[in-house]
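Peer 1: Start from the sequences, fold in the hints, and give me the full structure.
Protein sequence lines, in the order shown, are assigned to chains L and E. Count the first sequence with UniProt numbering and you get residues 1 to 506, in order. Count the second sequence with UniProt numbering and you get residues 1 to 425, in order.
Treat the hints as calculated values from the structure; they're not laboratory data. On a predicted model such as this, the values are computed, not experimentally measured, just so you know. Treat the hints with caution; some may be incorrect.
[Claimed, not checked] Chain E stretches covered by chain L per the calculated footprint, using a threshold of three residues with CB under 8 Å from any CB of chain L:
| id | region |
| --- | --- |
| 1 | 17-28 |
| 2 | 52-58 |
| 3 | 76-85 |
| 4 | 88-94 |
| 5 | 110-123 |
| 6 | 147-157 |
| 7 | 378-387 |
[Said to hold, decoys possible] Taking lysine-lysine pairs in the DSBU-like style, the calculated list, with each CA pair at most 30 Å apart, reads:
| id | chain 1 | residue 1 | chain 2 | residue 2 |
| --- | --- | --- | --- | --- |
| 8 | L | K369 | E | K41 |
| 9 | L | K501 | L | K467 |
| 10 | L | K127 | E | K41 |
| 11 | E | K122 | L | K74 |
We put the beta carbon where it would ideally sit given N, CA and C, even for glycine.
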Amino acid sequence: MQLAVWTYEGPPHIGAMRVATAMQGLHYVLHAPQGDTYADLLFTMIERRGARPPVTYTTFQARDLGGDTAELFKTAAREAFERFRPQAMIVGASCTAELIQDDPGGLARALGLPIPVVALELPSYQKKENWGAAETFYRLVRSLSAPPAPRAEGRAPSCNILGPTALGFRHRDDLREITDLLTRLGIAINVTAPLGATPADLARLGEADFNVVLYPEIAGPAAAWLARAHAQPATKTIPIGLGATREFIAEVAALAGLDAAPILAAETVRSAWYSRSVDSNYLTGKRVFVFGDATHALAAARMATEELGFTLVGLGSYAREQARELREAAKAHGIEATISDDYLAVEAAIQAAQPELILGTQMERHTAKRLGIPCAVISAPVHVQDYPARYSPQMGFEGANVLFDTWVHPLMMGLEEHLLGMFREDFEFHGEAAPSHLGAAAATATAAPTPPATLTWAAEAERELGKIPFFVRGKARRNTERYATERGIGTITIEALYDAKAHFSR
Amino acid sequence: MSAAALARPPAPGCTEAPVLRERGQREVFCGLTGIIWLHRKIQDAFFLVVGSRTCAHLMQSAAGVVIFAEPRFATAIMEERDLAGMTDANEELDRVVAQLLARRPDIRLLFLVGSCPSEVIKLDLSRAAQRLNATHAPGVRVLNYSGSGIETTFTQGEDACLAALVPEMRADPAPGLLVVGALAEVVEDQMRRQFEALGIGPVAFLPPRRAADLPGVGPGTRFLLAQPFLAETARLLEDRGARRLAAPFPLGAEGTTAWLRAAAEAWGIPAARFREVTAAGEQRARTAIARHHALLAGRRISFFPDSQLEIPLARFLSRELDMQPVEIGTPYLHRPHLAEELALLPADAMLSEGGDVDRQLDRCRAARPDLVVCGLGLANPLEAEGFTTKWSIELVFTPIQGYDQAGDLAALFARPLDRRTRLMV
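Peer 2: So this is what it looks like as structure tokens:
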């Protein structure tokens with residue numbers, strides 16, 4: 001048993017719903033008790049979809065358990081087919097139905113429906129939402145994909161775009177950005193899936209020359225199968241950030257046999273110039289903590305350090321499946337990755353790292369609010385605010401511009417920060433002042449830790465410490481105490497404080 | 001047939017109206033959802049759902065991804081190895097509870113809340129509660145109830161929770177009034193003042209704001225239900241000797257007056273005195289409601305089943321705002337507790353219980369009501385089809401009972417229609 005106050009990922013059948021809801025002409029019959037229909041509101045309220053997810057819940061009750069829940073499933077599946085007339089159906093069980101072992105796949109087959117029915121086995125007590133989405137997409141691709149057709153000679157190179165789903169973090173806008181980019185390169189889009197695809201479209205996947213994988217958490221297993229079955233190579237680079245976008249373009253150009261040089265030369269990107277402009281000097285070395293799904297966390301770590309000049313003080317993910325990649329990336333920055341799906345552990349890691357900016361999920365946004373640290377959201381789990389009315393991709397050249405703005409705006413502007421440093425005793429500034437544009441969200445100062453018994457702080461040194469910005473104050477306190485202990489200093493004076501500062505700033 | 005039966009006058013309103021009972025997909029929450037308001041209501045109680053990742057995900061999704069400082073609810077998520085053997089599951093539960101209590105030393109009352117998976121694997125939470133009581137007494141009292149979707153629909157979770165509290169109430173034979181059902185604190189305070197002005201007392205509320213303030217119960221207890229979904233709690237209170245005062249629910253001016261009158265009559269308060277005390281509040285309520293009359297009168301309204309508040313709400317809207325109920329869907333119809341409400345409904349209203357969401361959507365599209373009251377999963381899709389909707393969950397999360405909330409209640413129904421008239425896009 002795991003004590004959870006909040007979770008980063010839902011159960012695996014939510015992942016299956018994200019795939020089903022993204023597609024057209026597909027219906028999901030879910031063996032589930034009353035109450036599991038809450039999942040509909042994720043799509044209708046958070047994503048503000050104007051249609052119900054294409055899901056029929058069997059709605060069994062306690063009194064059915066002694067009777068025939070299997071018959072209930074068959075009735076629901078038959079009626080769903082008659083009412084919605086889908087091209088294909090997926091069937092499966094939620095956590096409770098998994099326990100009663102009715103075998104939805106077998107029951108659906110027994111109905112002899114005149115459409116393909118794909119049975120899903122999503123172990124609710126082991127796996128989570130992203131895994132469920134990946135498994136569902138893989139099963140659909142595998143079941144519906146037709147044998148590869150011979151590729152016509154002399155036609156434009158073509159690819160499939162794989163990964164975007166319903167309830168994805170900016171999937172809608174990323175897809176538009178990347179589709180435009182590929183089209184400008186002269187690459188035809190054969191099928192985009194799951195978002196907007198029909199089961200018939202999945203049958204045509206084999207006709208493309210290669211696959212563009214936007215979200216490996218979701219499309220990884222399907223792309224791996226397509227590579228084996230149809231000899232379709234897949235892209236590895238996730239085009240988030242300027243550098244990664246350029247590498248992505250080079251990668252797809254190589255796969256398509258095209259010359260990427262013209263498009264790379266023609267592209268002028270505002271984010272690169274903004275980052276080089278002197279106004280951005282104050283961003284140098286800002287301490288940033290990055291947490292999210294693996295794809296977005298890794299991309300953010302790279303862009304934060306290489307394209308904004310931040311210093312990475314924390315990197316982590318709730319996705320244990322990609323822990324190895326994250327650990328390697330963290331190691332390259334001389335830090336240890338935080339791999340956890342317990343938000344309290346993530347909060348503790350953030351407090352220990354004392355960042356000046358957090359790039360995280362909606363949960364880290366809450367943590368940041370509590371700690372009074374600026375924050376931008378870079379990854380699922382999603383919130384209604386993650387579906388902005390405007391075009392706001394994370395990927396491609398425009399994505400790099402969006403990320404530059406999104407990450408820089410929560411920070412204090414250069415001069416404001418200097419004024420705060422110079423006039424720390426101004427009654428409106430005070431030590432815990434938040435950037436003026438963040439309103440009155442004052443930080444909750446964490447209680448000062450007790451110094452080692454052999455040490456005391458002189459009153460004036462303690463006051464001086466209070467003039468140091470609060471997010472580095474804990475570190476300054478610890479460093480000074482360490483410095484004093486190592487040198488056998490009993491009372492920390494202002495002198496000792498500045499000696500320690502000089503010592504550690506070398 | 002006897003002459004007496006023939007001579008009997010027709011039953012008023014919907015008392016004997018047929019009810020459409022359907023079986024199919026339900027678009028409702030399970031009883032766990034009640035924790036979202038109950039954990040704020042009882043300030044030193046904690047709710048530990050023993051369930052799956054789905055339960056945890058439901059709780060945070062239904063709460064609107066609102067994360068409180070640290071909510072007083074959590075989920076013990078069962079994993080593969082908990083399903084393998086009961087001994088392990090019980091040991092794991094003990095470990096999780098110890099971990100929780102170490103982190104939250106302020107907890108005085110812990111509810112172990114059963115879920116669909118814990119019910120299906122027959123994890124006995126009442127035995128677990130007994131065992132944990134032995135370990136954690138006297139600092140913490142551990143109780144259990146089921147909020148599972150296979151047994152409870154949405155607000156029935158509150159019924160199950162309050163029912164778990166009834167055996168904990170001390171025996172108290174003295175006369176007194178008990179108001180049953182979670183209410184906003186502001187509403188409770190208003191009611192307390194009204195009963196005091198009427199000379200009715202002592203008055204206690206279930207659930208209490210703090211676990212230690214759990215009231216007593218006995219043959220002298222008369223209780224008023226503040227909510228229409230408390231069948232099991234009422235039954236257990238009656239088993240303890242308490243007597244229910246039959247009344248409509250305190251929604252709207254008329255409902256609130258009738259509800260207060262039931263207590264006044266039980267306490268033998270003279271009618272003139274009752275009018276004297278309640279007249280001003282009732283007038284205030286009528287004035288506040290009247291402001292929304294023009295927008296709502298004559299409009300046709302349909303309810304999808306959600307909270308069991310549908311019938312009292314339809315009564316309020318039809319009698320005080322002249323709306324026309326088309327279909328009143330309710331997840332469960334408890335006739336004895338709703339007898340006074342049914343009698344006041346227009347005789348031509350269609351009642352449905354349980355439900356099949358696809359078939360009700362078909363009926364809704366055919367009837368084209370002016371306003372549809374429905375859950376969060378249906379509201380935006382219906383708006384996209386051109387319907388005007390009112391999210392029903394707001395009716396559970398907003399103070400709507402009593403005279404001084406009657407205008408707010410009417411406003412909740414007027415706002416979507418008002419918005420439609422303002423928007424030019």
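Peer 1: Would you mind marking each hint as holding or not holding in the structure?
Peer 2: Evaluation of the provided hints:
Check on the region 17-28 of chain E: 5 of its residues sit with their Cβ under 8 Å from a Cβ of chain L, so the three-residue criterion for coverage holds. Evaluation of the coverage hint for the region 52-58 of chain E: fulfilled, as 6 residues show C-beta separations to chain L shorter than 8 Å, against a requirement of three. A stretch counts as covered by a chain when three or more of its residues have a beta carbon under 8 Å from one of that chain; for the region 76-85 of chain E and chain L the count is 7, and the coverage holds. Under a criterion of three residues with beta carbons nearer than 8 Å to beta carbons of chain L, the stated coverage of the region 88-94 of chain E is upheld, 3 such residues being counted.
Closer than 8 Å: that is the beta-carbon criterion, and the region 110-123 of chain E has 5 residues meeting it against chain L, so the requirement of 3 holds. Using a Cβ-Cβ cut-off of 8 Å, 5 residues of the region 147-157 of chain E lie near chain L, which meets the minimum of three, so the contact claim holds. Coverage of the region 378-387 of chain E by chain L holds [criterion: at least 3 residues with CB-CB distance below 8 Å; count 6]. For a cut-off of 30 Å, the pair hint linking K369 (chain L) to K41 (chain E) stands: about 25 Å separates their Cα positions.
For the suggested pair K501 (chain L) and K467 (chain L), the alpha carbons sit about 14 Å apart, so the restraint of at most 30 Å is met. Restraint check for K127 (chain L) and K41 (chain E): the C-alpha separation of about 34 Å exceeds 30 Å, so the hint is violated. Between K122 (chain E) and K74 (chain L), the direct Cα distance comes to roughly 26 Å. Compliance with the 30 Å bound is thereby established for this hinted pair.
Violation of the numbered hints given earlier is confined to hint 10; every other hint is satisfied by the structure.
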